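So the chains spell out like this:
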Amino acid sequence: MTPRLHTDVCSVLRNSPPASPWGLLRLRKLLEKGVPLTPRPFQTLAEQAGLSEAQVMDAVDCWQNDGLIKRMGLVVQHRTLGYRANAMVVWDIPDEQVSRLGRQFADIPFVTLCYQRPRRLPDWPYNLFCMIHGVSRDRVEGQIEELIRTHQLQQCPHAVLFSSKAYRQRGGCYVGSD
Amino acid sequence: MSAQTEAPLFTGVERAVINRLQLGLPLTPRPYADVAEELGISEEALLDTLTRLLDNGTLTRFGPMFHAGEMGGGLTLAAMRIPDHAFAAVTEQVNHFDEVAHNYRREHDLNMWFVLATETREDIDRVIADIEAATGYPVYNMPKEEEFHVNLHFPV
Chain A
1 MTPRLHTDVC
11 SVLRNSPPAS
21 PWGLLRLRKL
31 LEKGVPLTPR
41 PFQTLAEQAG
51 LSEAQVMDAV
61 DCWQNDGLIK
71 RMGLVVQHRT
81 LGYRANAMVV
91 WDIPDEQVSR
101 LGRQFADIPF
111 VTLCYQRPRR
121 LPDWPYNLFC
131 MIHGVSRDRV
141 EGQIEELIRT
151 HQLQQCPHAV
161 LFSSKAYRQR
171 GGCYVGSD
Chain B
1 MSAQTEAPLF
11 TGVERAVINR
21 LQLGLPLTPR
31 PYADVAEELG
41 ISEEALLDTL
51 TRLLDNGTLT
61 RFGPMFHAGE
71 MGGGLTLAAM
81 RIPDHAFAAV
91 TEQVNHFDEV
101 AHNYRREHDL
111 NMWFVLATET
121 REDIDRVIAD
131 IEAATGYPVY
141 NMPKEEEFHV
151 NLHFPV
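If you read the sequences in order, they're chains A and B. Every letter in the first sequence is one number past the one before it in full-length UniProt numbering, and letter 123, counting from 1, is 123. Every letter in the second sequence is one number past the one before it in full-length UniProt numbering, and letter 4, counting from 1, is 4.
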């Protein structure tokens with residue numbers, strides 16, 4: 001089985017000699033564990049994956065451009081950083097307005113995720129989902145009020161789903177709910 | 001987010017490192033040295049700080065977040081309506097599935113929310129059917145139709 005790694009897209013864009021798919025697969029496995037805390041982390045990864053430093057940097061650059069790597073940085077536990085409240089706020093927005101409003105929501109600093117999802121009528125009328133992480137429940141409630149006021153959503157059906165408990169969180173893979 | 005967190009307390013260097021590295025690591029041969037210079041600290045101080053924050057559990061990991069949906073796999077948000085008396089047992093059943101990546105209890109009639117990440121897109125329906133069969137409760141499947149991109153940043 002040949003690993004599925006977007007290598008076709010990468011090879012035409014880059015200067016370093018094409019890396020073997022297996023080397024890239026090893027690199028991806030290594031990256032899932034994290035970037036080494038060594039002065040030359042890409043060189044360290046290269047040695048472990050059997051690639052050159054340039055190939056590693058090209059591959060990471062390429063995966064970032066492709067969107068395979070969403071973000072190359074610290075993965076924080078927002079709870080340990082003091083962000084204790086997390087609310088999923090869902091809205092029933094007319095279909096023709098949902099994209100515009102979604103883009104506006106995404107620009108609000110306290111909105112940490114924003115998606116359009118299907119309604120599941122009659123049980124679930126909401127089609128726009130945004131996540132708000134805040135230092136406290138009071139603060140998040142205030143932010144939701146601010147959002148409603150700023151975007152004049154007083155008439156817009158919505159629900160606020162605070163999370164009361166996280167039962168499972170997994171690092172390494174961004175999966176878009178939290 | 002403009003709000004400063006109230007706790008825990010970080011040193012100035014820790015604060016600077018956490019805030020800066022959430023934005024990403026430059027793709028240069030000595031990225032830590034470059035970030036350290038930007039922050040006006042030594043490379044060694046930056047690496048020491050980072051190591052300490054990871055060791056004491058303040059930070060989870062340092063590395064790329066892979067976007068599961070771009071890797072050719074299946075990805076969806078799912079919800080269930082579970083009566084209180086069954087909640088603990090169903091949580092255990094649901095979390096038993098490797099494909100369940102996050103599972104939150106939320107305050108709503110639909111009170112269990114989790115993400116499913118599968119090897120292929122076709123696996124989503126199978127896993128949902130398996131979860132329904134194992135628990136006896138319906139699963140509401142809510143895959144994303146559009147993502148509105150945000151810059152995720154938690155300043156401390």
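Worth flagging that the hints you see were computed from the coordinates, not collected in a lab. Do not take every clue at face value.
The following label-pair restraints were derived from C-beta to C-beta distances [claimed, not checked]:
hint : chain 1 : residue 1 : chain 2 : residue 2 : range
1    : B       : D109      : A       : Q97       : 39 to 47 Å
2    : B       : S42       : A       : Q154      : 49 to 57 Å
3    : B       : A89       : A       : D123      : 32 to 40 Å
4    : A       : V160      : B       : E132      : 26 to 34 Å
As the structure is a prediction and not an experimental result, all values here were calculated from the model. For glycine and all other residues, C-beta sits at the position ideal for the given N, C-alpha and C.
Status of the hints after comparison with the structure:
Taking 39 to 47 Å as the suggested C-beta distance range, the pair D109 (chain B) and Q97 (chain A) does not conform, at roughly 26 Å. Checked against the hint of 49 to 57 Å, the C-beta distance between S42 (chain B) and Q154 (chain A) comes to roughly 53 Å, which is consistent with it. The hinted window of 32 to 40 Å between A89 (chain B) and D123 (chain A) is violated, with their beta carbons roughly 22 Å apart. For the pair V160 (chain A) and E132 (chain B), the supplied restraint of 26 to 34 Å holds, since their beta-carbon distance comes to about 27 Å.
Hints 1, 3 from the list above are not met by this structure, while the remaining hints are.
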